[in-house]
Amino acid sequence: MQPKLPLFPEQASTVAGQVDALYLFLVLITTFFSLLIALLILFFAIKYKQTPGRKAEQIHGSTLLEIIWTVIPLGISMFIFAWAAIIFFHQRRPPTNALELYGVGKQWMWKFEYSGGQREINSLHVPMGRPVKISMISQDVIHSFFVPAFRVKYDVLPNRYNTVWFEATQPGTYHLFCSQYCGTKHSAMIGEVVVMKPEDFEAWLGSGKAEGSMAANGEKYFQDLGCITCHRPDSGARGPNLQGLYGRPVRLSDGRTIIADDNYIRESVLDPAAKIVSGFQPIMPTFKGIVNEDGMLQLIAYIKSLGEQSGEPLNNRTSPTMLRDTEVPNIQQEMKNQGGTTQPQPGKKP
Amino acid sequence: MSTVTIPTQPQLEMPKKHYLNDNYGIRSWLLTKDHKRIAVLYLITITFFFLIGGVFAALIRLHLLVPEGALFQADVYNKLFSLHGVNMVFFFLVPSIPATLGNFLVPLMVGAKDLALPKINLASWYIFIIGACFSVATMVLGGVDTGWTFYTPLSSGYLKTHVVTMAVGIIIAGFASIFTGLNFIVTVHRMRAPGLTWGRLPLFIWSNYATSLIMVLATPVLAITLILLAVERGFHIGIFDPKLGGDPVLFQHMFWFYSHPAVYIMILPGMGVISEIVTCFSRKRVFGYSFVAFSSIAIAVFGFLVWAHHMFVAGISTYSALVFSLMSFAVAIPSAVKVFNWTATMYKGSVSFHTPMLYAIGFIGLFTIGGLTGLFLAALGLDIHVHDTYFVIAHFHYVMVGGMVMAYLGGLHFWWPKLTGRMYPEGWAKLAALITFIGFNLTFFPQFILGYLGMPRRYAAYPPEFQVLNVLSTAGASILAVGFILPLIYLLWSMRYGEVAGPNPWQAKGLEWETSSPPPTHNFEHTPVVTEDPYHYGEEQDGEVPVVP
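The listed protein sequences correspond, in order, to chains A and B.
Quick note: the first sequence uses this note's numbering, first residue 1, plus one each step.
Quick note: the second sequence uses this note's numbering, first residue 351, plus one each step.
Treat the hints with care, as some may be off.
The list that follows gives simulated cross-link-like pairs (lysine-lysine, DSS-like), each with its CA atoms no further than 30 Å apart [to be verified]:
#, chain 1, residue 1, chain 2, residue 2
1, B, K593, A, K111
2, B, K593, A, K220
3, A, K185, B, K593
4, A, K220, A, K111
5, A, K275, B, K593
6, A, K47, B, K698
Not close to chain A: a few residues of chain B, all C-beta gaps over 12 Å, as computed [to be verified]:
#, residue
7, T515
8, F585
9, V818
Each pair of labels, with its calculated beta carbon distance range [said to hold, decoys possible]:
#, chain 1, residue 1, chain 2, residue 2, range
10, B, I788, A, N292, 52 to 60 Å
11, B, P813, A, G289, 56 to 64 Å
12, A, L64, B, A473, 34 to 42 Å
Just so you know, these hints were derived from the structure itself, not from any lab.
For each residue, glycine too, the CB sits at the ideal point set by N, CA and C.
All chains should be modelled from the sequences, with the hints used to inform the complete structure.
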């Protein structure tokens, strides 16, 4: 039972206690200084109330006092800054052993998908005692994933994966809010986070009606889209090899080296010309408007399943494969020829 | 109220000729180049917008009495908070003190006949009116539901309301504040009376000077941002919407590059007012003049370097968040310095409690809380939780209403005798100040708790466990409304029936008190010469504020 007028939300994550401790310290500081100022004003107001015959004593100021009340607040605020920054770094660095989930925000609902292919809407089941990392993206405007009981919040952007992580500590059902104003039904873009004991969570996952894992769906989608025609492991392929790509450095034609993460893969599908892998031609057509966010997550899951590696940059060709114009593929045309007008859709639609 | 006997003093009379009766007729007002008349025109205009914004606020609070929302559909509610924000920020708070009290007082305080560029000053009001017409048109046509922040891609690609009309209104009104700022900067540099060195300037001038710097430097960025927004919305040129190849976070960077400094546009002039009031009613020079003066400049400069603290959860890099958090803590220090200096100014003073002083003391208390709760939001790990919740709402209302509106009302009462030549009724005014203080705290204090509990802002409906605090807040708002309506009534009343004030009813220092009330059109009979430091109190015969009934 909640008390009638609680002052704190429930503490249901490992970080909640840390955030509350900092909050309490700041409440203490605020109370102290507000009371100090209020009492001083009250004291001066009574003690130095205007009385006939007594004149104000003219004081120009005091450099010593100015230094004191500059340095002390500065010291206190630097202390708060450091404390808060440590918590922030902790919140922004997901542990490597985290359970990875995927979230898509849209006007006005939350969709979540587990790597096993289970999907949920406006509800998120997570195990207790295990870090959970959610990669989130929006299908339309900016949303924000906010679970007060976990003291966790992060914006969900339409052009980039943002991640959030938490480790739940208390079984129960908690509020999930969208905290970034997102249009008419902003206040209805709410849901629940259900924290379960690990064994209950496994049982719950097993009972889900998943039609294949995200990676398996992604592989099917990869073939349906015709990606396989160019992205082949052989050396004469027109597109870079995707085996073992995920998480590995990639050398680009402009000399930069970047890590092949979710955002890179997403960009390469939607805006292929943005970053060209060294030794390849900018011949890939965009899949903007064809691949939706759910499909994208599955493609990424598939590429990820091809092996996560680290080490030497991949696809490091020194000379580009030469192509004649006739060899440049017209993917969209090929797809039309294959499957008529229907566009391939990923997995089960929500 | 204390029982006071009215001292026998010579019967004061209104001056025969002053800026209000120098000319009659609509024409003489609409074509005036007198900074005092333009201040009055601005005063009427922004009072109108304060009332409109206030009505929206009242409707918001009424709606939130019950969890599912008492009065409106979600889309209507969204329009209400958007219009409340837009009208209050761009058409009341930004022009509030600079365009009214600033316009009126800056030339008087520096001993000039007018601002440096009187025609530009009049143009500023006309531009403001054009902008205001767009805002009114937006409201008449059906409003906007973007929030006052206009975040993309929601505003540029998704909402069906009159976004461009409102954006155009804000762009236009922005030029009014650029004109005002430019005028103040030139006036302070070029028009100071003989002997009025920078070190002798009233602190109100210092704070308005700092404000003007921000207005001139930051407002163009807002115009650019909103023009880009309108271009994307109107012509589908991708700037912010990823569907068109843009970046939505870019909008936030640009918007806050103006709008964070704009927060200081909205508070610095208030700080100047408080410095004037506290010294006068303590009969003392200000404690640490140069520290108070330079803290205004420090706030103006640092204020430009903290914008991304609005974006800690928007996906900016962890390290840049670190830098912006550090800068945000740094910008809090000059504000703290001011608070300590005002408090120290009362030490060993001869303190009296007329209405302006009540507002000033209220300001110091509420601004202290508003400022300190800003530290919660600058603290990275904590901001993650409280960002975009009612905690933020409570924080900035403590600064904007508890701070700026209290200072505005305090200043209005303090200089009302100068503006109109007549006194307001002291008893009613004290009552209103008290009601405002109580109503304000009851409205916004519960919102701190509500925010920490996790209630997001801009919610038309909320989970039932948040109801008690929402009801408290609404109850407070109804008290606060009384506190705001009372001055409107008795100030209007006093213009006709108030006691004649005389040139200097507070026995205050400063050039504005050395001319008659209301001042003549050209402000001073002879160009004043300044021979003493500011706030040179303690020289007058009895050293006290005369008791006013």
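Structure-based check of each hint:
no., hint, verdict
1, K593(B) with K111(A), "holds, 20 Å"
2, K593(B) with K220(A), "holds, 26 Å"
3, K185(A) with K593(B), "holds, 22 Å"
4, K220(A) with K111(A), "holds, 21 Å"
5, K275(A) with K593(B), "holds, 18 Å"
6, K47(A) with K698(B), "holds, 8 Å"
7, T515, "holds, 19 Å"
8, F585, "holds, 20 Å"
9, V818, "violated, 6 Å"
10, I788(B) with N292(A): 52 to 60 Å, "holds, 54 Å"
11, P813(B) with G289(A): 56 to 64 Å, "violated, 38 Å"
12, L64(A) with A473(B): 34 to 42 Å, "violated, 49 Å"
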